[in-house]
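Protein chains in written order, with the working numbering: chain A, 9 to 205; chain B, 28 to 272; chain C, 53 to 680.
Errors might be hidden in some of the hints.
Under the rule of at most 25 Å between Cα atoms (straight-line distance), these lysine to any residue pairs were calculated in the SDA-like manner [as the list claims (entries may be wrong)]:
id : chain 1 : residue 1 : chain 2 : residue 2
1  : C       : K225      : A       : K118
2  : A       : K118      : C       : L341
3  : C       : K301      : A       : K118
4  : C       : K225      : A       : E175
5  : B       : K78       : C       : L483
6  : A       : K101      : A       : K125
7  : B       : K76       : C       : K225
8  : B       : K126      : B       : H41
9  : C       : K549      : C       : G649
10 : C       : K409      : B       : Y67
11 : A       : K125      : C       : K625
12 : C       : K409      : C       : G343
These are calculated hints, taken from the structure and not from any lab test.
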Amino acid sequence: MEIPYTIETREDTGVNNAKLGIWLFLASEVMLFGALFTTYILLRIGSADDWSQLNDILNVPLATLNTVVLISSSVTMVMSWASLMMKDFKKYKLYMGLTILCSFGFLIIKYFEYSAKFEHHLYPSTNTFLAIYFTMTALHGLHVIGGIIVNTYFWGPGSKMWNTQPERFTNRIEIAGLYWHFVDLVWIFLFPVLYLL
Amino acid sequence: MEQFLGLPPEGSAHAHEIDQLIVLLHWLMFALFIGWGIFYTYVLIRFRKAKNPTADYTGSKSHMSSYLEIVVAVVEIVLLIGFSIPLWANRVNQFPPEKDALVVHVVAEQFAWNVHYPGKDGKFGKRDINLVDSDNPLGIDRNDPDAVDDIATINQLNLPLNKPAIIYISSKDVIHSFKLPVMRINQDAIPGQVIPVWFTPTLAGDSEIACAQLCGLGHYRMRGYMTIQTMEEFTAWLDEQAASL
Amino acid sequence: MQPNTKSVAQHHDVHQSEHHELSFWRKYVFSTDHKIIGIQYGITALMFLLLGFMFMMIMRWQLAYPGAAFPMYFFIAPIALMGVVVLFITGIKPSVNTVAGLSLVAMAALIWYLGSSDENFPDGIMLPEFYNQMGAMHGTIMVFLGVVPLAVGAFGNYVMPLQIGAPDMAFPKLNMMSYWVYFMGGVTMLISFFVPGGAANSGWTSYPPLSNIATTGQTIWLLGMVFLISSSLLGSVNFIVTIVQLRAKGLSFMRLPFFVWAQFVTSFLLLLAFPPLEAAGVLQLMDRLAGTSFFMPSGLVVSGQILPNTGGGTPLLWQHLFWFLAHPEVYVLILPAMGIISEIIANNTRKPLWGYKSLVYAAIFLGFMSFIVWAHHMFMTGMGSTISAFFQTTTMIISIPSVIILSALIISLWGGSIRFNTPMLFALAFLPMFGIGGLTGLPLGLSSSDIHLHDTYYVIGHFHYVVAPGTIFALFAGIYFWFPKATGRKMNETLGKIHFWGSFVCMNFIFFPMLIQGLAGVSRRLYDGGEQYAHAQSVLYLNEVMSVAAWVMALFQIFFIVNFFRSIKKGEKVSDNAWEATTLDWSATTSPPLAHGNFDTVPEVHRGPYEYSVPGQKNDFTPQHQKA
Ligand code: HEA
Ligand code: HEA
Ligand code: CUA
Ligand SMILES: [Cu+2]
Chain A
9 MEIPYTIETR EDTGVNNAKL GIWLFLASEV MLFGALFTTY ILLRIGSADD
59 WSQLNDILNV PLATLNTVVL ISSSVTMVMS WASLMMKDFK KYKLYMGLTI
109 LCSFGFLIIK YFEYSAKFEH HLYPSTNTFL AIYFTMTALH GLHVIGGIIV
159 NTYFWGPGSK MWNTQPERFT NRIEIAGLYW HFVDLVWIFL FPVLYLL
Chain B
28 MEQFLGLPPE GSAHAHEIDQ LIVLLHWLMF ALFIGWGIFY TYVLIRFRKA
78 KNPTADYTGS KSHMSSYLEI VVAVVEIVLL IGFSIPLWAN RVNQFPPEKD
128 ALVVHVVAEQ FAWNVHYPGK DGKFGKRDIN LVDSDNPLGI DRNDPDAVDD
178 IATINQLNLP LNKPAIIYIS SKDVIHSFKL PVMRINQDAI PGQVIPVWFT
228 PTLAGDSEIA CAQLCGLGHY RMRGYMTIQT MEEFTAWLDE QAASL
Chain C
53 MQPNTKSVAQ HHDVHQSEHH ELSFWRKYVF STDHKIIGIQ YGITALMFLL
103 LGFMFMMIMR WQLAYPGAAF PMYFFIAPIA LMGVVVLFIT GIKPSVNTVA
153 GLSLVAMAAL IWYLGSSDEN FPDGIMLPEF YNQMGAMHGT IMVFLGVVPL
203 AVGAFGNYVM PLQIGAPDMA FPKLNMMSYW VYFMGGVTML ISFFVPGGAA
253 NSGWTSYPPL SNIATTGQTI WLLGMVFLIS SSLLGSVNFI VTIVQLRAKG
303 LSFMRLPFFV WAQFVTSFLL LLAFPPLEAA GVLQLMDRLA GTSFFMPSGL
353 VVSGQILPNT GGGTPLLWQH LFWFLAHPEV YVLILPAMGI ISEIIANNTR
403 KPLWGYKSLV YAAIFLGFMS FIVWAHHMFM TGMGSTISAF FQTTTMIISI
453 PSVIILSALI ISLWGGSIRF NTPMLFALAF LPMFGIGGLT GLPLGLSSSD
503 IHLHDTYYVI GHFHYVVAPG TIFALFAGIY FWFPKATGRK MNETLGKIHF
553 WGSFVCMNFI FFPMLIQGLA GVSRRLYDGG EQYAHAQSVL YLNEVMSVAA
603 WVMALFQIFF IVNFFRSIKK GEKVSDNAWE ATTLDWSATT SPPLAHGNFD
653 TVPEVHRGPY EYSVPGQKND FTPQHQKA
């Protein structure tokens, strides 16, 4: 017996399994990052230092660039899904490829940011602001890496599914997209909170 | 009920109120448990298969349980608003003025209670962690004029009878919990924070300070002593301590 | 369990007939079938439960006879012996019994390793360091590796899809992954016994700064927790999607068996409460490994040395994050238990549950409320009057749905035709035992009475009444009840009843004295059981009573273990619907054929879950799928 509603939506609930699954997963991710943002607020309130000065050492232009890169990747992610909806597999490949490139770009820029900090002997142990900065951005970075792995799979070997079950494949890309937008969204919160405020 | 529960002696002015709340709660618990217990036993006997071979599809039609639930809720509200909240407010908000009270600092460490009295001048001298060593576990800075007459003891807390005591609790290393079972006092000692508690001892004699929070391998033996004395005895004790400085 | 006998049979005809049969490994080890995964979870969790119990019995030795030499072989021999017996029930054929027997022997070896080490027992006498390790690991193992995997991973996985008429879980591969991630978490926790300094020793609550400065075991504990949390997250997503999406035709939400509702609410708790602990775990790992100070202020002096950390953090942050998980977690421990109890009570009173709707709404409400009561574990951290008033109020509010659930279950007995079989005995005992546990939560929930009771044995007594004669009894009840579904055989009733009465009496001799000690003010987590304290003297004799009761209870568990493994092979054969029940799980063929779906025909539901003794019907049970 096949498992129902893997592709088609169930009438009375209006979703398919994977769609519901990813939303639930994202809800738990909201709780994860929510806890970290709460931690940030509590530490900042309780801190003797003025965090709006502590974060002057961060590189705002680089982070702005990174924001642009990540938002672009979200756009190309949508485009790749839209291409599948229009049954254009070639374009899908292109846009998905661009998404992956952007994600790598993000990580590379992040790498430069990190190494600049380490060069100046700024470590997580230096102060609580840097501790939370490194923790949150590293955890976000891990999510980016997770996204790269998933997207690369769907770009490469996983895309074979297009030939056999195009609808299911399109669903998968949509779901990968939801995850990717979430990762993007987290960064959009992280950027002002860590760099600007 | 109070004897029945086996609570320790009531050593402070507010202890009785806390016990009263505990006793009332246990009355509620007993009533619920016995009430439901009788019903439960009766049902098990009356409706066992041998006695009642065919079950009744509808079962109970009574609304008793809804009323009961409302009663439970009301009793809980009464205990909450009538007893617990005011009692707690009294504990944490209504500190007596420091001039009318005896003020002590207690600093916990693995695995001892350091007690710091201000001495004759009534002022606490500076403490500096860089001065901490085995002779001076509190790190009292004896060069500070306020500190010259300060008295420090380890695991011994003396307090005068019938005079409010305010104790500032802190910790040098990990979390401990300052517990005076006889006084119905309990406050975690949290590193980085200084938290006051207050009470008025009403029972003279010796009792204990327990550590109620796991603080490492010596947690079980982190015990201090508390002595409640008349004012004269207490002053004499303080003088004796001051003399040995 | 059936698989063993089946595997042998099937191996023979595989050659003749179907060639695309799954290999042994894919079928029983890396299976994606929810029933196999359920059994894997079940066996693993039972083993951990037993290990947690062993640790506790070792601790109870020290509590009863502080400073006396530890009679190690006394504790090891029964376990090792039982392992050998279980191994020989099936001989050398690969089977569940083999796995279980070997695990029991391994457990004995682990305890031998720990017991013969001079670092733990110089001259045969337990050190406080080791006592603290046992305490932390008892709590961790019982909660995260024993009860939750058994209640959710095993019962949820095995029973829930059958009860909703689904072919499997919505994401079978994810399901398999969640088991193996859980398994990895368990292995990680076990590894921590072998690192220098031994396992984690800062309590299951792992409060910093103590845990920050603890030995390496704490780091491994945190890694293990990350595994366990991830496993729960995978599982809970899967459960929710399955319940929402794969319900059979006609099975509306208000026709779900209460067990499914309980799993549903539980999954939401796991999904939303665990991530903050994961965050906290990451922060503590950073503190331990990268030298940050999330949970540490500056200027700490530990054994005469000033700690080098920069400070800026606060220990209370951990407590908030931890209890934000751990309070909902306790309802994760109790809700599935309530679900199991409801099924068994309806079945054995032969009538519908009383107030089904109120049960459901109460469970949902309980789920919501459990997110806003966490700080009742922190009343003594210097809480002001407003915040404490808030948390006391929410705590009192959350007690009401529990009262509603319990009342509904007791009233359900009224008018029944009560059969006293083993599952029912455990289920019936659950009610007053949970009653004691729940009621003793009330004095803890008011901050003023908590002043006297916080961190005393009263707390230990409170929650053990809920989790041990509460949840553990429910789990026993569930095992006796669904055993026929998984194996086609019933467990022996006589052995079951001995097991029940022995456990019931012993449980009360273990946990009631704790309440007495707690009222006298005896603190928890004391290596010598309070021997030093004057205020403990009058209740000190109870330590020996509790310990002896714990050991005697262990002896009664032998009846269960023997019954369990013997019945797999030799139990009385029964029909698919062994208890004449109404829910869909009982309309599936027993131990349904693997990887071919659960039901011969796609089930359709026509009525509510507990249509027993419907007036005018021939039978006293009307299955959900039976047409009007
Ligand atoms: C399954 C687990 C479980 C459950 C269900 C509960 C239920 C409750 N718990 Fe408990 N609790 C724990 C597990 C649990 N707890 C654990 C593990 C700890 C300690 C953690 C640690 O520090 O290590 C703890 C600690 C704990 C504390 C902190 C104590 C302290 O550290 O000082 C508090 C304080 O408010 C509390 C309160 C409550 C309340 C009000 C309920 C309520 O939900 C209870 C409501 C139930 C009822 C009111 C019962 C209704 C009864 C009847 C209707 C009578 C029936 C009678 C017959 C059948 C005869 N609990
Ligand atoms: C679900 C949770 C759970 C369960 C079930 C138990 C069960 C038991 N606990 Fe536990 N306990 C905790 C959770 C739990 N505990 C926690 C969280 C703490 C606090 C730790 C801390 O301080 O940090 C604690 C602390 C704690 C203490 C206090 C230690 C201290 O403060 O110093 C004590 C003292 O006696 C104790 C005793 C017991 C006993 C005797 C049982 C008995 O009821 C055990 C009964 C067990 C069984 C009946 C298992 C039977 C299993 C089988 C028979 C398996 C069969 C196998 C197969 C068929 C394959 N526990
Ligand atoms: Cu100090 Cu426990
Ligand atoms: Cu709680």
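Against the structure, the hints come out as follows:
Of the pairs offered as hints, the one joining K225/C and K118/A is violated, with about 34 Å between alpha carbons and a cut-off of 25 Å exceeded. Simply put, K118/A and L341/C have alpha-carbon atoms about 22 Å apart, close enough for the 25 Å limit, and the pair holds. Taking the CA atoms of K301/C and K118/A, the gap is near 51 Å; set against the 25 Å cutoff, the hint is violated. Distance restraint check for K225/C and E175/A: the Cα-Cα separation of roughly 20 Å lies within the 25 Å cut-off, and the hinted pair is therefore satisfied.
A threshold of 25 Å between alpha carbons decides the hint, and for K78/B with L483/C the separation of about 22 Å falls inside it, so the pair holds. Note on K101/A and K125/A: the hinted pairing is violated, with a Cα-Cα distance of about 36 Å set against a maximum of 25 Å. At most 25 Å may separate the alpha-carbon atoms for a hinted pair to count; K76/B and K225/C exceed this at roughly 45 Å. Of the pairs offered as hints, the one joining K126/B and H41/B holds, with about 20 Å between alpha carbons and a cut-off of 25 Å not exceeded.
With a CA separation close to 35 Å, the supplied pair K549/C and G649/C exceeds the 25 Å bound. Of the pairs offered as hints, the one joining K409/C and Y67/B holds, with about 22 Å between alpha carbons and a cut-off of 25 Å not exceeded. A C-alpha spacing of about 70 Å is found between K125/A and K625/C, which places the hinted pair above 25 Å, so the restraint is violated. Annotation: proposed proximity of K409/C to G343/C is violated, straight-line Cα distance about 52 Å (limit 25 Å).
Of the numbered hints listed earlier, those contradicted by the structure are 1, 3, 6, 7, 9, 11, 12.
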